[in-house]
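Chains as they are written, first to last, in the numbering used here: chain G, 6 to 335; chain B, 585 to 864; chain D, 25 to 342.
The reader is advised that the hints may include incorrect statements.
Sample of chain G residues with no beta-carbon within 10 Å of chain D, all distances over it, derived [stated by the list, open to error]:
hint : residue
1    : Ser39
2    : Ala75
3    : Asn89
4    : Lys92
5    : Asp133
6    : Glu135
7    : Asp138
8    : Asp149
9    : Thr222
10   : His226
11   : Ala229
12   : Leu237
13   : Lys245
14   : Ala268
15   : Phe296
16   : Lys315
On the chain G side, residues computed to face chain B include the following (Cβ under 10 Å) [to be verified]:
hint : residue
17   : Asp164
18   : Gly190
19   : Gly196
20   : Ala232
21   : Trp236
22   : Ser239
What the hints contain is simulated information worked out from the structure, not anything from laboratory work. No residue lacks a Cβ here, since even glycine has one placed at the ideal position from N, Cα and C.
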Amino acid sequence: MVKNHANQFVNWNKVPNASADKAEFYPWKWNMASTPDGSDTVGLGTDTGPESICYRTDLLKQAGLPTDSATLAKDWSTWDGFINYGKQYEASATKPSGSHFLDSAASIFSAAVYQGNEAYDNASGTPDVENSDGVKSAWKYTTDATSAKITAGLEQFSDPWNKAFSSGAFAAVACPTWMMGYIQGQAGDAGSGKWSVSPVMPGGGSNWGGSWLGVPTASKHQAAAIALVEWLSSKDNQVKMWTDGGHWPSNQEAAADPAVSGATSAYFSNAPVGQIYGQIAGQMKIPPIGFYDTQIQNAITTQLTNIETKGTSPDSAWKAALDAIKQVTG
Amino acid sequence: MSRTRRLHTTLDATRWTYALVGLITIVSIFPLYYTIVMASHTNAEMASSTPPLLPNGSFFSNVHKALQLAPLNKGLINSVVVAGCITLGTVGLCTLAGFAFAKLRFRGSNVLLAVCIGTMMVPTQMGVIPLYMLMAKWGLAGHLSSVILPTLVTAFGVFFMRQYISKAVPDELIEAAYMDGASTTKVFLSVVLPAVRPAMAVLGMLTFLQAWNDFFWPLIVLNSQNPTVQVAFQSLATGYAPQQSIIMAGTLYGTIPVLLVFALLGRQIVGGIMEGAVKG
Amino acid sequence: MVTISAEPATGEISRRRLRRHRPTSRGSRIAYVYILPFFVVFAAFSVYPWLDTAWVSLHDVRLSTYHQQTWIGLDNYKNLLTNHFFWHAFFNTLTIGIISAVPQLCVALWIAHLLNHRLRGRTFFRVAILLPYATSLAAATVIFLELFNPRTGIIDWALHLVHLPRVDWQGSKWPSQVAIASIVMWRWTGYNALIYLAGLQAVDRELYAAAAVDGAGKWAQFRHVTLPGLRPTIIFTIVVSTIGSAQLFGEPLLYHNGMPDGGTSGQYQTLGLLMYQQGWTNDRLGLASATAWTMFVIILLAVVVNLLIARRRERRAR
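If we strip away everything but chain G, and leave its shape as in the complex, we get (with noise of 0.2 Å):
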């Protein structure tokens, strides 16, 4: 998108406050909206989407898992760790009937994704799926998932899905920051204090979501605007963002402020979730965005629901998937 329309933003690189600008912004942010060589720039960030895991303390509890921060530290710490805590909660025999451990299997997918040197496109741009490290792994571990069946194969988004907030129907679920809001919206006040953040994300740091803001070359009002999108950007306002909205900053000023890394929520048990996504902040990998990322990514996690639901073989699934993919890309 940088490359087909950096002439039609103004280049953040060029405005009076570029320097100082440019240096209240984690780097890897700046750069996505930047053209490979980054001498244009469209837009300045305002949040990202460090992710966790959110899961419901009172279900583990129920079937007789640990949820204390130590435990799943240690144990949620890898992929393979969290697929295994998950096979327990399966094959325990207190657990809530018909409740299962994940969400859906694209909650794993869309996080591990993102946690290699590759994700969809290459280092030279062009979707490359096929001999992406990033899409390896990440196939390998929702597979293992898939096979152990300890997710409850909903759609994610769908009306079903938004329902098993608060009716139990998973345990737990990739939360990016804004998820936190969401599960809130969904679950109501009856969910108050059943649900918290856990301290690690399996596989490292992974990031869904985040946005920029720019100004159009065609804007009667440049000055004024630029001046509007450097404000809204400034680290007090990202704070804010933070505390009135529940969306991580991508200003490190902002991030490093004590009413964003001190935050803790009462919804989710009073944990310390300033602390638990700045650290995840911290370890984020981020591999080369590509154009297509979200037809690419959504084309697969539409294949894991129909190993989920439907019995597919998951060779099938990724042929499927390529299929689909190919219609994308041409």
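Knowing the structure of chain G, use the given hints to seat chains B and D on it.
Leaving out everything else, chains B and D in the frame of chain G:
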């Protein structure tokens, strides 16, 4: 024997008729009723394992939240203007064209009618991008006229009126009027129009609803400053964390004017269909 | 209303008069004025977009880089015809179209006939049948998804009660198509019934009386008075339903949460969804334009076939 047969032709309703019609009504209304149920509960209440079947009290608070999230009031006013203009234009102009195709003979009428029907067969979504660029060039993008003008006369309406007029207005009536010295326009106004009032009412109602429910093109050409109500719904449904109850409440709020039109004018419009023909 | 059976004597006189005053030549010029508004609107807002779409279909164009267009001739069309996604969508459109349109029109006709009776509160019933069309499509689809939910829906619960196996109304092919067809039916039957009702009013009541005198029962009256009187209206609804079924878009889109893939295995992806997915989701505008024009040809053929069948039936009836 023939006397009892004749009685049956006056189409009196039996108990069976009422039962069937009642069943059909329940099936038709149920989803609307359930929308009211969904809109009057909170999101968490709807998610419980035994979903509620009766309305509750949260409707106004849900609507309040919906109004904060989306420009529903502006959308309502705009939709009334847009749908109203399209309906008036369509009913008037399609009746004219339908009459011409049905009763007047002119060279090329068959070809032109085929072209007219043919225009219905092109998938509508495809033309939106060049149409948008056209609107932008003419400075109409973002204005209500960009939504009103393209559908001011529809092939559907022309075809519908043509079919109706061809059967409902006897040729003899028209010829008699001609022989009395009337011009074609006078024939249209004094002979055709009165005879096709039921169809015009039906076309008007269907066109109004169609224009009200159209979301694809308005979504592309309008913006959040000047939305129709369907565009406003979209911004409700595609937020960061959409909540079903709020979406339903907003949707219901945006459908209320339509329901009002039904409630107030339904009697006139639909009743008109019946009364027009009963006089032998 | 004038009785149709004019007596021979007056008929001859009026026919002679007609030959002298030819209303057709009087009417012909102004007819062009009457049809002008439609063609003006059509020319202004439709012709250019369609020609542009046809032009785009001959190029490799991506929505994101609209102005970069590489000429590839008929390659998009070749791609379509050898693409299993296209044929898949084509057959889905055909099956969903038949399942939803045929019962719908029959039921609509029957409902119109019922509402044609002297009912108390008939205005209420007639308004009620149009309410599905007025209900927001999003709301309706949400509710139908609830009803058809394999885990919590009423329909599978009812099947369970009578010891029938539960059906996966979202995942499996035929059940999901039936579910979508039922949404389409629910939504459009009242609409078509109202159109038939308007048409029924144009049928002269005295014809029914005459038929009854000749000894015709209710069914015979329906076949020999109602149906012929409704012929133009029936043809209209068949043509419009064919076009609508071929372009089916909103219902299957919302059935999968607003995603145009037609289910996780494309089990209910229609041509309309495929075109939208190609153009908007997959960014391939050239291919989507080719799909649009192919759809046009398909719809044209379908309507022509329908009309030919209708004309053959009419000739046989005479």
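Quick rundown of the hints versus the structure:
1. Annotated as non-interface, serine 39 of chain G keeps its C-beta farther than 10 Å from every C-beta of chain D; the closest such distance is 18 Å.
2. A cut-off of 10 Å between C-beta atoms confirms that alanine 75 of chain G is not in contact with chain D; the least separation is 37 Å.
3. Once the 10 Å rule is applied to beta carbons, asparagine 89 of chain G is consistent with being away from chain D; the minimum gap is 28 Å.
4. No Cβ of chain D approaches the Cβ of lysine 92 of chain G within 10 Å, the least distance being about 23 Å, so the stated non-interface status holds.
5. Once the 10 Å rule is applied to beta carbons, aspartate 133 of chain G is consistent with being away from chain D; the minimum gap is 17 Å.
6. Every CB of chain D lies more than 10 Å from the CB of glutamate 135 of chain G, the least distance being 19 Å, so the non-interface label holds.
7. Here aspartate 138 of chain G stays apart from chain D, with its beta-carbon at least about 25 Å from theirs, past the 10 Å limit.
8. Look at aspartate 149 of chain G: its CB is around 21 Å from the nearest CB on chain D, clear of 10 Å, so calling it non-interface holds up.
9. Against the 10 Å criterion, threonine 222 of chain G stays outside the reach of chain D, whose nearest CB is about 16 Å from its own CB.
10. Separation of histidine 226 of chain G from chain D is adequate, the least Cβ-Cβ distance of about 27 Å exceeding the 10 Å criterion.
11. A cut-off of 10 Å between C-beta atoms confirms that alanine 229 of chain G is not in contact with chain D; the least separation is 29 Å.
12. Residue placement check: leucine 237 of chain G keeps its beta carbon more than 10 Å from all beta carbons of chain D (closest about 26 Å).
13. Separation of lysine 245 of chain G from chain D is adequate, the least Cβ-Cβ distance of about 31 Å exceeding the 10 Å criterion.
14. Taking the minimum C-beta to C-beta distance to chain D, about 32 Å, the non-interface status of alanine 268 of chain G holds against the 10 Å cut.
15. Not every C-beta of chain D lies more than 10 Å from that of phenylalanine 296 of chain G, the closest at about 7 Å, which undercuts listing it as non-interface.
16. Not every Cβ of chain D is farther than 10 Å from the Cβ of lysine 315 of chain G; the closest lies at roughly 6 Å, contradicting the non-interface assignment.
17. With a cut of 10 Å, the hint placing aspartate 164 of chain G at the interface with chain B holds, because the nearest CB-to-CB distance is about 7 Å.
18. At its closest, the beta carbon of glycine 190 of chain G sits 4 Å from a beta carbon of chain B; the interface hint therefore holds under the 10 Å criterion.
19. A cut of 10 Å between beta carbons decides the hint on glycine 196 of chain G: the least distance to chain B is about 8 Å, and the hint holds.
20. Proximity of alanine 232 of chain G to chain B is violated relative to the hint, the smallest CB-CB distance being about 22 Å (cut-off 10 Å).
21. A hinted interface residue such as tryptophan 236 of chain G counts as satisfied when its beta carbon comes closer than 10 Å to some beta carbon of chain B; here the least separation is about 22 Å, so the hint is violated.
22. For the restraint placing serine 239 of chain G at the interface with chain B, the shortest Cβ-Cβ distance is roughly 22 Å, beyond the 10 Å limit, so the hint is violated.
The structure fails to meet hints 15, 16, 20, 21, 22 from the earlier list, while all remaining hints are met.
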